Each structure stands twice: as C-alpha cells, then as structure tokens.
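Here the protein sequences come in this chain order: A and B.
Here my numbering is used: the first residue of the first sequence is 1, the next is one more, and so on.
Here my numbering is used: the first residue of the second sequence is 1, the next is one more, and so on.
If you're looking for bench data, these hints aren't it; they were derived computationally from the structure.
Keep in mind the model is a prediction, meaning the values are calculated, not measured.
No residue lacks a Cβ here, since even glycine has one placed at the ideal position from N, Cα and C.
Treat the hints with care, as some may be off.
[Stated by the list, open to error] Covered stretches of chain A, going by a simulated chain B footprint (3 or more residues, C-beta under 8 Å): (1) 15–24; (2) 59–67.
[What the hints assert, rightly or not] Partial selection, computed: residues in chain A whose CB lies under 10 Å from chain B: (3) T83; (4) S108; (5) A110.
Residue strings, one per chain:
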Amino acid sequence: MGKRVLLIEDEPNIIEAISFILSRDGWAVATHSNGHDAVDVVEEAKPDLLILDVMLPGKSGFEILRHLRENYGPQDLPVMMLTARGQLKDREMAEKAGVNRFMTKPFSNAEMLEAVRELVAS
Amino acid sequence: MATMNILVAVCFVYVAFLFFVAFAAERAARQGRSGWLRSPMVYTLSLSIYCTAWTFYGAVGYAARSGMEYLTIYIGPTLVMIGWWWGLRKLVRIGRTQRVTSIADLISSRYGKSNLLAIGVTVLAVIGTTPYIALQLQSVTLSFSVFADAADKSGGMTDMDSTALLVAMGLALFTILFGTRNLDVNERHHGVVIAIAVEAIVKLFALLAVGAFVVWGVVGGVGEMMARIDASDIGHWQMRGDRWASLIFLSAAAFLCLPRMFQVMVVENDDEGHLRTASWAFPAYLMVMSLFVVPIAVTGLDLLPEGSNPDLFVLTLPLAMGKEGLAMLSFIGGFSSATSMVIVAALALSTMVSNHIVMPIWLSVTGGGASVSGDVRNVVITSRRFSIAGVVVLGYLYFRVSGGGTALASIGLVSFAGVAQLLPVLLGGVFWRGATRTGAFVGLSVGFVVWTYSLLLPSFGPDAVLSTQILDQGPFGWSWLRPQAFFGIEGLDPLVHAILWSISLNGLSFVLASMVGFPTPLERLQGAQFVNVYEHSTTPQSWSGNAAQSEDLMIMSQRILGAREAQTLFEREAKRQGVSGYLPDTTPDFLQALERALSGSVGTATAHAMIGQIVGGASVSVEDLLAVADETAQMMEYSSRLEAKSDEQARTARQLRQANEKLQQISVQKDAFLSQVSHELRTPMTSIRAFSEILRDSERLSESEQVKYASIIHDEALRLTRLLDDLLDLSVLENGQVNLNIQSGQLGRLLDHAIASALTGSGAEGFVIHRDSVLEAVRLTTDLDRLSQVFINLISNAQKYCDADVPELAIRVSPRDDRIVIDFVDNGSGISKEDQAVIFEKFARVGAMRAGGAGLGLAICREIMARLGGSVSYLPGQGGAAFRVILPTSQAMAAQ
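Just need the whole structure built from these sequences, with the hints factored in.
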C-alpha cells in the first residue's frame, strides 16, 4: 500500500471529503488547490494517480491535463477528472485531452474509491 | 410596224449602250482610273434623275393645262441648291461620316439606330415611290403607243402591257447587274452614276432638239414664238399664291427626301466639294430643261388636233411634222428619263428594303451572329437583287392595276407629298439635338395617316376607296374630318390642303413628342454626331491615320474600360481595318465604335468630348460642355442615390450582424449560465453528499469529527439555499416582474441597518467604516428594502475582499441636482481593469478569492438599481475598490 494520490481541487470542503475517504482506505493523499503551478506540483510529486478538478483558479483542468499528456501517457500517469458542470461537452474535452476516467460531481464515496483502485491497479 | 421595229431596236441599242457605258465605268473604277468619274459635272448630271419622264413629257402637259405653274417643280430644287447648299453639305457630310446607305438608314441611325423607324421610312418610301415607278412605265408605254398609233391604228393594248413588262424586266436586270455588282455593298455605284449622267445629257439634248425644232423649225423664230405665247391662254392663267407656295415647298421637300435623290446626292457622293459646283450647275440644267416647255406646249395646243394628250406633245409634235428621226430622239429622251429614275429608285429602295426589312428578318430567322461574315455578304447581295426585282415588279403591278388613266402630274404630286412627310424628321434630326426617336415615330405616323387620308385615298377618285359620302360629309358624318376640308376649312385646293395639314401636323407632333420624352444615350450620341457633324469631322481626311492619336486613345480607353476590354476593342477594330496589332487608324467608324464603348462607362457627351480632345480637330463646343455637366450632374445624383441606398443597406446589414452577434452572445451566455448554475449547485451538493455518506458509513468517527462534518453539511446546505434565493431574485429582477415597495426613510438609518446586516461574520470587528452623518441625513422615497440589499452587498464585498492590513471603508454621500450619489470606497488594492469589466456579470468572481458567494451579488445589485431608476458602477481611480450608487431623488422616484 502507500500508493500516492495527488488531488488538485479548489473547494476546501471537497478536498476534506476526498482526503478523508482515500486516507481511510490507506492511500497517501497530497492536495493542491490552484491551477497556476499544478503541472510543476504533479511532476514533482509523481503520484500514482492524479485527481483533477476542471474549474480551477489560474488554469483549467483541461489545460493542465493537455500539458501533462505531452510527457506522460495514460499508463504513466492515470488521471481522473472531476467536474461539477457535467455537460457532455466537458466529457468530450476531457477524453480528447487524454483522461483515464471522468467523474461528475456529486459522486458517491464508494464510486470514488472503486474508481481510484481500478485506475491504480491497471 | 416598221417604225415599231426600229423603235424596239433603237431601245435595245440604247440600253446596250448604257450597259457598255456602265461597264466601262466600272472597269475604269476597278483599275483605279476613276478620276473623271468623280468630276463635279458627273455628280451634277446624276442629280438630274430629279427630271423623270414626268418632267420630260409631263412638264409640257402641265404647262398646257395649268400655265406657268409647272415652273414650281423646278423652282423648289433650284432654291434648295442655290440658297441651301450648305444645308445639303451637312447632309452629305453626315452621310459620309456615318456611312449612310439610304435615307431610311440616315433617319434610323440618327434616332438611336431604331430599325422600326427604318422600316417605317422604308414602307413610306415604297408607298410613295411605287406610283412613280408605275408612272415611268406608263410614260414609256404611252410613248410606244404614240408610235404604234402612228404606224398602225390597230396596235392593241396587250402589246402595251407587254412593252411595259419588257421595259420593267430590262430595267430590273440593269439595276441588278450594276447596282449589286460590288461585293462590298457600301461601295458607290460608279457604273450606275455614269449611266444616269449620260442619260441626263441624252434627255437634255432630246428636249432641246425638240424645242429648237419647234421654235425655229415650226414657228419660225423667237419673235414669232413670243407672239404665239402672248396670244395663247398660257400667259393668262391665274396664278394662285397658295398653290405656288405649296408646290415650291413640295418640290423642294421632295428633292431632299426622295429616296432616289438621296441616293445620288448623298450616298453616291464622292466629294462634298462637288456640291459647290452643283449648286449653280444643277439649277442651270433645270433652267435649260424648262426653257422650251412653254413653246412646245403653246405650239402643240395650236397645231395638234383638239383632244391630243398634252403630256405627249414632245413626241407627237415632231411626228405630226413628219420628223420621225426627231421623234425618235425625243422618244429616247423620254425613255432615258424613265429608265434613269427607275434604276436609281430601284437601287435606293432595294437597299432600304434589303437592309431594314429582309436582312433583320433573315438574321432573326437564322439566328444571325453565328454565321460567318462571308455568308452574310452573299445573303445581302441576294436580298438586294430580289428587292430590286420586287420594287420594279411592284411598280409594274401598280401600273397594271391602276390602268394608267390619270394625268402624270397628279400622280407625281401625290408621291411628292408622301415622301415630303420625311422632311420634319430629316431636318429635325440634322439640326436639332432635342429630336427623339419617339418624336420621329409620332411625327411620321401622323404625317403618313393625314397624307393617306387627305390626299392618297381621294386621289383614286370618288367611290374608289373613299365614298363620295365621306368626301362630302366626313366619316360618320363628322364634317370636321372631311378628307379635303379639315376642321371646316374649305375652299383650299385639295393638294394645298393636304400638304398644309399633313406637314404641319407631322412637324408639330414630332416636335411635341420629342420635347416630352427623353432621348436614349445612343440617340444622344447620334444626335450630337449628326447635328455637330462639322465639329466632329472638320474634313473627312482629318480623322485619317495617326498612330500617336491611336495610342493616346488606347491609353485613355484602358483607363475607362479596363485594359482587357480596351485591348479587345482596339484589336477587333484594327482587324476590321486590316491593320495588324492594336492600333487601328482613327477612322470615323472606329471613333464612333470607340465613342459608343466609352459612353457606356462615362456617358455619351463625356466620351465624345474625350475623344474630341485627343483626336483634335473638333473643339469642344459649349453645348458639349453643357451636356457633360448635365450628365455629370445626373451621374452624381444617381451615384448619391446609390450611395444612400448602400449606406442604408450597410446600416441594415450592420444591425442584422449586431442582432445576430447579440443572439449568439445570448446563446453562449445562456449555455455559460446553465453551466455556471450547474457548477454552483453541484459543488455544495458534492460536499453534502460526501460528508453525509461519511457520517452514515463510518462508525469510528470522533465526536468532534461528527460535529465538524455535520456543520459542513449545514453550511453547504445554507449556501445552496442562498444560491437558489439569489437565482430566483435575479430572475425576477431581470424579467421585470418585481414589485417595488416604495417607502420613505432616512439614508443614514438605511446605512446603519445595512452595515449591521453585512458585518456579521468573523473579521467584522476590525473593519472601520467612515461616514458623514450630516450628509446622510437625507430622506429617500424608494424601495428601501431593495436599496438596503444593494448596500449590504457592497459593504460585505468590501469586507470580504479588501486586502489592506487595516481594512477601511468610506461611505461618501453627495447630493447632485435631482440625484443622490453614494460612493463606497475601500483602502484595498482595488480591482484590475480587466476584472472591472466583468464584475457585474453573473457568476463573475474575481481573482483567487472565494468568499462562498455564488457570484451573483453585483449582478443583482445592478438589476435592482436599474429598477429603482438609478445605477451602480465601478468607480476607478480611487485607490481601493470603489463603487458608486446613483439614485434619483424622491420626486423622480415618486413619478415611477
């Protein structure tokens, strides 16, 4: 165990919720809350999984993912995206940018855990 | 019968002689030895086709019946030649520069190349000329019969008919041979002209011979002759002024308008300088022709038995004296008068019929333009030949049908009056630029109808076409429309009456219709070229080849027409002239074509002036300049109208574009709004769901954790409620469904209340607010709750976002006229310029600051202030963030 998950999200309550859920399951959770330096943070942390919000201050989740995918394939760095906008257009953009899993808020905790396990195991 | 045989033989020999002369002339012309063909004398003699058999035989008859009146027939042309030769010169110049082929061509060309007009003129000419051709055939037949009577009393009329037919066929053959000999139909007919010049000499010589014989051979000297004339009735004929004036006018008009006269005078003219000679020589010729008319008439009346036809005195007098040789010569003279007239008339008419009736029909039937030019040329020749035959046959038929009973002179005058209808249109076209095609149509039609009704139809005699009743009482009993007494004006000679009315109504309607309508551009172009023919072509030579001019014209044309268009035009014109390359000689044809092409772009008058300046020779006349100014004004008006139109269109397009952009913007905004709403709703719900699941599923949670998570759920639920409240509020405000609760209150109290409501959360303690209670002591009448909502929003924003170490807010109130201005200024770092633009938009949250609001606060404030008749805006340049609220004072509000 001790697999590391990096969560980039700007809503404090959601950070707290996800951190709690994953920590309880044995994941090491690191968090970051803005888009400006997100790419640097990811490259430094080299997490086993990245959970990325779409609407972030400074830089959108799509932009961050597109940047990351220039150097890291979906196998090297699995990425799960979260969005509260939930429109079809967002899902398409995420897939285009190279997302592994796209999840709409609000989600169930079990769903979240299962997705994280799946992505890291594969 | 021996005489008859000799007569026929003489005719054949004479015709053969004419063929030979014509043939020789043609050959000389072909070989370039045509100098003598172009002498002014030949031109003058060719004009003598004016003197037809009617003049040769008929003048004597006329004198015998009506005294000196026959002179009018000579006086008219004499006056024209002497007094108006400069006018003729203009006609000739136009004919040459425009390459006119007939009078119909000239008139149609002048009036904007109207073929309908050409057809009208052609029809009129054919109707006016056919009786005249019949007249010539009749005179030949009659003269034959004189010999036949003298030789054999039993000479039947069937012979006469066949004589006429033979003569007609012979003349048609001659005309076809020499009139359509040249493949280039625009060439002059040297053979024909020489032949008729020879005939002019023959008929003059014959008449002089008979006259001399009568005076010296029969009467016995000039003195005796004068005595006889004095003794006769001729000298005592009453001279009627109106009839004389009419007849002189008529013969002058006919001299100008007769197709055959136009043919020899204008079309066959080689050099307009010839007119100078003809202006004296032709009147002299006419004078000599008329010299012995009275002596022959008087002597014939004296010596020949009662009832002899005076029209044939010229022939019968020598015969009665037993001078068969002289009679034969006289016969030849009459024969040549008749033949020359028929030949030239057939030539002129066939050109008109072929060019304006047959060819247009052929071209439209065969689809025209597609065929090669060689084919067309053959068709033209063929059509001309058939037309010649047709015209002669028509004359022959008229002769057969009419039976040839009427006196020669009266047919001639009816014919003259018919073609004289062309006079107003012809003169108007040459001297008046305002003359229009419509005017020409109307004038000609009116003239033709009046002439037909008042002269042609009655001339067939009572009950022939018009019944006696109509002649006496008018049609349908309308006495004012009696054919020979219009509007009850009686007592006029029928001929005078017809000429007076037909010409004056013709001319009047032509002028009026011209003045009412507007000429087309082509008419204007042609009108200018015709009326100002001298300015356009000082002499025909001045146009001739000058490469420099050509090049200048090309440069100018390229500017106006565009390089490709201009080059195509120039190349085509050069090719037509047989010149290689792009620079044709500056011939009138080419200049005309060029002018026409240019006028499409810059207007007729401008094009003309431009060409005139380059080609030189022609100075720009004041009239031209006026026309240019006129056109420029018209164009400017037109273009300004266009401009206005395009402005309007541009405005409409802009409005449409703006509306479209707005719609798209609204659509995008709607999508963005929905997306935003979704985000704002889902975010708190995510926390609520996550933590409620945690609370539900986890047994090992500490109490503090349970409390913490429960309060998160509670806060997020409140946030959701607030969001929904804001959304509903905004929606109500935006839709204008808001009910304002107008109350009166003091501003200061309102602010107290707002500050109290805004500063509830943490951090409110250190927030300093500066106020001025004096200025705040103002009463407001408005929706106090709504205004308070705005204040709360602004104050809490300041408290939330002011980034100063010691945050402060100044609330400044200043009354202005009918408004109150309330500024909220904090001491933070303010809002960046880009953000200022969006802070009043929905869900606009600036920078990284998240204060738990949904970002609808300022949008709601803006809507509220709009409802209250005021405004809220960002006030830049105040150091910190500054918002200005403007509210109308109570009066304005009360009115709302």
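Closer than 8 Å, Cβ to Cβ, for at least three residues: run that test on the region 59–67 of chain A against chain B and report holds or violated. violated (count 0)
Classify the hint on A110/A as holds or violated, based on whether any CB of chain B lies nearer than 10 Å to its CB. holds (8 Å)
Residue count check for the region 15–24 of chain A against chain B: does it reach three with CB-CB under 8 Å? Since 6 is at least three, the answer is holds.
Status of the S108/A interface restraint (C-beta, 10 Å, chain B): holds (7 Å)
Can the hint on T83/A be confirmed by a CB-to-CB distance to chain B that is less than 10 Å? holds (8 Å)
Checked against the numbered hints above, the structure violates only hint 2.
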